Amino acid sequence: MPKMRRSLLGYLPEESPIFSLHPVTKVLFLLVVSAYPMLTQLPEANLAGSLFMLALFKAAKVDLSVIKGYKMAFVNLFFVIAIAYTFFGGYRPEYTVLLRLGPIRVCWENLRWAILVYLQLVLAILVIIFFLSTMRERDVVVGLRTLRLPFVVCYLAGLSLRSIGLSIIDFFTIREAEKARALDLAELPFSEKVKKFGLYIVPLVGLAIRRAEEVSNALDSRAFRFSGLFKGGKRTDYIPKKYKIRGADVALIAIMFAFLAAIVFVNYQYGWLRAENSLLYRVRFG
Amino acid sequence: MPVIRMENFGWRYEGQERWALRGVNLSVEQGEFVAIVGPNDSGKSTLVMAMNGLIPNNYYGVIEGSVVVKGMDTREHPVADIARHVGFVFSDPESQFLSMTVEEEVVFGLENIGLDVDEIRERVEWSLGLAHIPMDYLEKPPYELSGGQKQRVAIASILAMRPEIIILDEPTSMLDPVGKTEVIEVLREMRRSYNATIIVVEHRMEDIAPLADRFILVHDGRVLRDAPPREFFDDIDFLLEHGVFPPEPMVFVSELRKMGLYDGPIPLTLEEAISASREALSGLRGR
Numbered sequence: 001m002p003k004m005r006r007s008l009l010g011y012l013p014e015e016s017p018i019f020s021l022h023p024v025t026k027v028l029f030l031l032v033v034s035a036y037p038m039l040t041q042l043p044e045a046n047l048a049g050s051l052f053m054l055a056l057f058k059a060a061k062v063d064l065s066v067i068k069g070y071k072m073a074f075v076n077l078f079f080v081i082a083i084a085y086t087f088f089g090g091y092r093p094e095y096t097v098l099l100r101l102g103p104i105r106v107c108w109e110n111l112r113w114a115i116l117v118y119l120q121l122v123l124a125i126l127v128i129i130f131f132l133s134t135m136r137e138r139d140v141v142v143g144l145r146t147l148r149l150p151f152v153v154c155y156l157a158g159l160s161l162r163s164i165g166l167s168i169i170d171f172f173t174i175r176e177a178e179k180a181r182a183l184d185l186a187e188l189p190f191s192e193k194v195k196k197f198g199l200y201i202v203p204l205v206g207l208a209i210r211r212a213e214e215v216s217n218a219l220d221s222r223a224f225r226f227s228g229l230f231k232g233g234k235r236t237d238y239i240p241k242k243y244k245i246r247g248a249d250v251a252l253i254a255i256m257f258a259f260l261a262a263i264v265f266v267n268y269q270y271g272w273l274r275a276e277n278s279l280l281y282r283v284r285f286g
Numbered sequence: 001m002p003v004i005r006m007e008n009f010g011w012r013y014e015g016q017e018r019w020a021l022r023g024v025n026l027s028v029e030q031g032e033f034v035a036i037v038g039p040n041d042s043g044k045s046t047l048v049m050a051m052n053g054l055i056p057n058n059y060y061g062v063i064e065g066s067v068v069v070k071g072m073d074t075r076e077h078p079v080a081d082i083a084r085h086v087g088f089v090f091s092d093p094e095s096q097f098l099s100m101t102v103e104e105e106v107v108f109g110l111e112n113i114g115l116d117v118d119e120i121r122e123r124v125e126w127s128l129g130l131a132h133i134p135m136d137y138l139e140k141p142p143y144e145l146s147g148g149q150k151q152r153v154a155i156a157s158i159l160a161m162r163p164e165i166i167i168l169d170e171p172t173s174m175l176d177p178v179g180k181t182e183v184i185e186v187l188r189e190m191r192r193s194y195n196a197t198i199i200v201v202e203h204r205m206e207d208i209a210p211l212a213d214r215f216i217l218v219h220d221g222r223v224l225r226d227a228p229p230r231e232f233f234d235d236i237d238f239l240l241e242h243g244v245f246p247p248e249p250m251v252f253v254s255e256l257r258k259m260g261l262y263d264g265p266i267p268l269t270l271e272e273a274i275s276a277s278r279e280a281l282s283g284l285r286g287r
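So the sequence lines, in the order shown, correspond to chains A and B.
Each residue of the first sequence is one higher than the one before, starting from 1 at the first, in my numbering.
Each residue of the second sequence is one higher than the one before, starting from 1 at the first, in my numbering.
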């Protein structure tokens, strides 16, 4: 069993190459790679981006079952987008109607947009899952501090990310408590699930408020100031000083920015990444 | 000069009719080990939160009198200022963790007070050693340690700041018996090798009695008794009437005293209780 390190979303083996990178490289990776699906409409490019991300998951030794946990979310996301585009995507006479359901027309052009947007979102979600699976709160704080962001911004970002993990733990605790008293939402029909949702939400919100109070007391009791300053001096950055930016970090950051610049250039100069260049636009019906 | 002075102190939480504390007059000297006991909801936590400024700074309510800590009036100084002199360990170890590794947790307060990197490194080693936490735990998430280890990490993070006063609010209340023993052992070690003022709210009186210089009984928002341990436990019935349950060996010896079989002081340790019982038994044989 390899030694594992905790990440924001689970565990990562210590031998993962991701640990040899400086946190600033990982934070910049998130910023640059999440910009990619926003700049790229071309579904083939986003699909390639998703495959690239899956390869990165493998290379970073992230347990792929993390993604499997989001399987239903990916499926639901597609249906939500497809339904939204079908109902609110509009209609023009030149549209190809695939199906009529009473007054509702299911058009290929709307469905095509749904596929485009879906693939953009899938890539964005994979980037976020990768980020959370490979980062620790400390990496976020160190990464942002290296970028010279104010201490309060860095610390709040780290604390907010950690609160997601804490809320998930609280949720499971509440679920176990509900199960122990013979209430298992998984066993109930959908309508009952919705009705009983409050039984989870109310204690979850209550716990979140209590945690906020406890964290606030703990911060104050350890001389924390949001300004990062104390009487007569500046807060020490002990943890960030433990990290060194190496050649591999510089090379990766350079590649990421070059890639971003290239994407912006080809998109705005030649329009190669626009939706109209997709194979989906060559599909004809009838 | 006392390090903590409370004069006619009272506190009522916003929205409550009852005063959580009222008419409290206390002073704590440098280097004293003070144990605070009392039944649930008697005002013990409010009392210690007033000693590090969390009350009145972080809670809404009505205040009476004053609390002066190391010359700082808690109404006029933020908790962050007072925290440089007063460390506070909460009862729930998880609620005080602010980071995802033991190292960050211990270092957090030290970064806040702006120590240099070498000093931080030295203090991390010292405080973890005192709290019996191995150095190879630095990379571990504190959430994944055992209850006792979690509380010892919390104590180490406070010790690292080397405050002159350390307050522990029921540090063993959420731990299993093994965890409780581990934490008490750290308290013993702190008493032995760290010359700070230690204030503990604790129900395990049998462990604290041999360590404490003073016991304070808080009941219904008032300080009912404030005395050295032997004097404090001398009237066991009074303590029982006010919701405090002294260790059983003390109650046993107190009963022997009532029966006229023993007339010495109330024992603070099991060993003392055994020798008091022997004394009582030898008296019986002589009759």
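Incorrect hints may appear among the rest.
As a list, the in silico PhoX-like pairs of lysine-lysine whose alpha-carbon atoms are at most 20 angstroms apart [claimed, not checked]:
no., chain 1, residue 1, chain 2, residue 2
1, A, K58, A, K3
2, A, K61, A, K3
3, A, K242, B, K140
4, A, K3, B, K140
5, A, K58, A, K68
6, A, K179, A, K195
Source of the hints: derived by calculation from the structure; they are not laboratory data.
The structure presented is a predicted model; accordingly, all values stated were derived computationally and were not measured.
Violating hint indices (sorted, rising): none
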